[in-house]
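Asker: Sequence lines, in order, name chains A and B.
Position 276 of the first sequence, counting from 1, maps to 276 under my numbering, and the rest follow consecutively.
Position 179 of the second sequence, counting from 1, maps to 179 under my numbering, and the rest follow consecutively.
Treat the hints loosely; a few may be bogus.
[To be verified] Non-contacting residues of chain A with respect to chain B, defined by C-beta distances greater than 10 Å in every case (computed): (1) THR57; (2) PRO89; (3) ASP166; (4) ARG227; (5) ARG229; (6) ALA287.
[Stated by the list, open to error] Ranges of calculated distance between the beta carbons of each label pair, as one might list FRET restraints: (7) A:GLU8 / B:TRP137: 53 to 59 Å; (8) B:VAL72 / A:GLU110: 45 to 51 Å; (9) B:PHE181 / A:GLY133: 43 to 49 Å; (10) A:LYS152 / B:TRP137: 52 to 58 Å; (11) A:THR242 / B:ASP176: 53 to 59 Å; (12) A:GLU66 / B:PHE99: 32 to 38 Å; (13) B:ASP131 / A:LYS104: 49 to 55 Å; (14) A:PRO125 / B:TRP137: 54 to 60 Å; (15) B:PRO62 / A:GLU110: 57 to 63 Å; (16) A:LYS104 / B:THR69: 44 to 50 Å; (17) A:LYS108 / B:ASP176: 19 to 25 Å; (18) A:GLU110 / B:THR7: 57 to 63 Å; (19) A:GLU110 / B:LEU110: 48 to 54 Å.
Honestly, the hints are just simulated from the structure, not real lab data.
Since this is a predicted model, take the numbers as computed values, not measurements.
From the three backbone atoms N, C-alpha and C, an ideal C-beta is built for every residue, glycine too.
Read off the chains here:
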Amino acid sequence: MTAAVSFEAVSRHFGAVKAVDNVDLAIAEGEFFAMLGPSGSGKTTCLRLMAGFEQPTAGHIEIFGETAEGVPPYKRSVNTVFQDYALFPHMTIVENVAYGLMVKGVGKAERLKAAEEALAMVKLPGYGTRRPGQLSGGQRQRVALARALVNKPRVLLLDEPLGALDLKLREQMQEELKGLQKSLGITFVFVTHDQGEALSMADRIAVFNDGRIQQLGTPEEVYKRPRTRFVADFVGSSNVLTPDVAARLGGPRKDASLRPEAIRLGAAASGETAVTGCLLSSAFLGATHRLTVDVEGARLAVSAPAGSPVPAIGEAVTISFSPADLHPMEAA
Amino acid sequence: MRSDRSTSAPLPLKIAAGAGLLFLHVPILIIFLYAFTTEEKSYQFPPPGLTLQWFAVTWNRPDVWAALTLSVKVASIATVIALVLGTLTAAAVSQTRFFGREAVSLLVILPIALPGIITGIALRSAFSILDIPFSTWTIVLGHATFCIVVVYNNAVARFRRISGSLVEASMDLGADGFQTFRYVILPNIGTALLAGGMLAFALSFDEVIVTTFTGGQQSTLPIWMLEELIRPRQRPVTNVVAMVVVLVTFLPILAAYYLTRDGDQVAGSGK
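Please model the complete structure; the sequences and the hints are all you need to start from.
Answerer: As structure tokens, then:
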């Protein structure tokens, strides 16, 4: 099957800055693909390469099997939801949504009907006559989504679309986006710096750092088996262990990660590794307790379910985990 | 206390402010008054009588019409040139980054900061070195140098407020360069261009200094007035023309002021 978007050794350099450096990826049709990374990691530049706002310095990009280099944005079957929404301030909402159809020469009655349908799809029916300035941030975000979707793109690019929304609205929009993607069957490529968002929404995640992909995999793979220290640090809040500590805990002498929730208070069951340490701190987080245990100088974060008895600070505690959860990583 | 004082200024200040305004504007009213005087040799005050005959006389003077036509023609062409070049320069300077961007920006603004006499002398010697005979076009060129600045200043301020992603959004939605200009850029900078164009027209219409250096024997309206003051034939005709010039330049400037004021509100509400 042809990939929706494929990058072969793509680089985008701005002078000495390697914004995107030798990136390979293939996004399958109908996939919800997240590009996750801190700011300046190259994820947004990758998105702009797909949209056609940037041209690669080196490498090859294909969109549905067709070469994308040199193809201007207005000739690509992709549409973008911009981080700042980029709604046209001088047009009404319905004119904004119908814009893509208007410039393609679709008749007025037809395009207004399509725009109204798109607005209904993002749950803003009847907002057509207002102007962008009269809408809240969440509503503008939906308009931007409708304006892109009305063109029936084969790939929808979303540049941190939920970044400006408050937490509750963001969670609601995450679900709606996921639902829309499933029902429309369009490929979504989503840029975010929020690992929770990427884990909960994406089919696959590419973790970016310094212009390169650190790891590409399903949310579960990326979370449970981070390939590098960077991924372990950035995705979730893993215990990143030095080779010495990993060896002491019974693993190979390599950098390793151990998820706080993989560690349990209490003696080892069969096949588990147990170590003793000293409880340094404890914090109640609602569903869990967050404990810090000092094991021979190495500090381990432990996530214990709420309701389990928590020892007093300074007391000796025994913690155990399955050796399979002690995940060795590459050095990079 | 503070707000009390700010609502009512002390009497001496009011008098001073009033006197200042009178000093600025009474002479203009006196110019208007002499357009109606019955005495044509000298400006005696008060005028011995009032008449409307000078309007008819002015209407029938071919030299007035020639000067007026030339002025309107020069101002129109200079404004069109300024609109095209000023807008393009503003777009380049505000939307892209390139080597020498700040220098270009400064060079574009320079003609309005330079004394007109410098621009005039520079252009005159350039024309004579290149053997270019004086014509309407040499005047147009001289005026365009400073007309571009007002258009550029208006347009660049508006461009800076347009988010760069608007242009990208338009392209992304399938609009080519021309459609993006027509549907996204122009509606956002339209009032700024209209304002800049009107200011440019008004500037060109009453320009004297650069015109004296680049006009040769031709007389634009302000040059004609200057000549009339030196060797008057029917003196009040100059005053009639002065009234017309004031109206022709004042109205566009007033309109430009209201247009940019409204433009601010429109652009602000979109953010």
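Asker: The structure should be examined with respect to each hint, and the outcome stated for every one.
Answerer: Verification of the supplied hints:
Chain B leaves A:THR57 outside its interface by the beta-carbon criterion, the shortest separation being 17 Å against a cut-off of 10 Å. With a least CB separation of 2 Å from chain B, A:PRO89 falls inside the 10 Å interface cut-off, contrary to its annotation. Interface exclusion of A:ASP166 from chain B stands, the closest Cβ pair being 19 Å apart, more than 10 Å. A cut-off of 10 Å between C-beta atoms confirms that A:ARG227 is not in contact with chain B; the least separation is 33 Å.
Residue-level check passed: A:ARG229 sits 35 Å from the nearest beta carbon of chain B, beyond 10 Å. Even its closest Cβ contact with chain B, about 39 Å, leaves A:ALA287 beyond 10 Å, as expected for a residue assigned away from the interface. Distance hint check for A:GLU8 and B:TRP137: the Cβ-Cβ separation is about 56 Å, which falls inside the suggested range of 53 to 59 Å. Hint check: B:VAL72 to A:GLU110, Cβ distance near 47 Å, so the stated range 45 to 51 Å holds.
For the hinted restraint 43 to 49 Å between B:PHE181 and A:GLY133, the CB-CB distance of approximately 23 Å leaves it violated. Taking 52 to 58 Å as the suggested C-beta distance range, the pair A:LYS152 and B:TRP137 conforms, at roughly 53 Å. The hinted range of 53 to 59 Å is satisfied by A:THR242 and B:ASP176, whose Cβ atoms lie roughly 56 Å apart. Between A:GLU66 and B:PHE99, the C-beta spacing of about 35 Å keeps the proposed range 32 to 38 Å intact.
Restraint check, B:ASP131 to A:LYS104: a C-beta distance of roughly 53 Å satisfies the suggested window 49 to 55 Å. Remark: the range hint 54 to 60 Å for A:PRO125 to B:TRP137 is upheld by a beta-carbon distance near 59 Å. Judged by the Cβ atoms, the range 57 to 63 Å given for B:PRO62 and A:GLU110 holds: they are separated by roughly 60 Å. A beta carbon spacing of about 47 Å between A:LYS104 and B:THR69 agrees with the range 44 to 50 Å that was offered as a hint.
Against the hinted window of 19 to 25 Å, the Cβ-Cβ separation of A:LYS108 and B:ASP176 comes to about 20 Å, which satisfies the hint. The hinted range of 57 to 63 Å is satisfied by A:GLU110 and B:THR7, whose Cβ atoms lie roughly 59 Å apart. Between A:GLU110 and B:LEU110 the beta carbons are some 52 Å apart, a value that agrees with the proposed interval 48 to 54 Å.
The structure shown violates the earlier hints numbered 2, 9.
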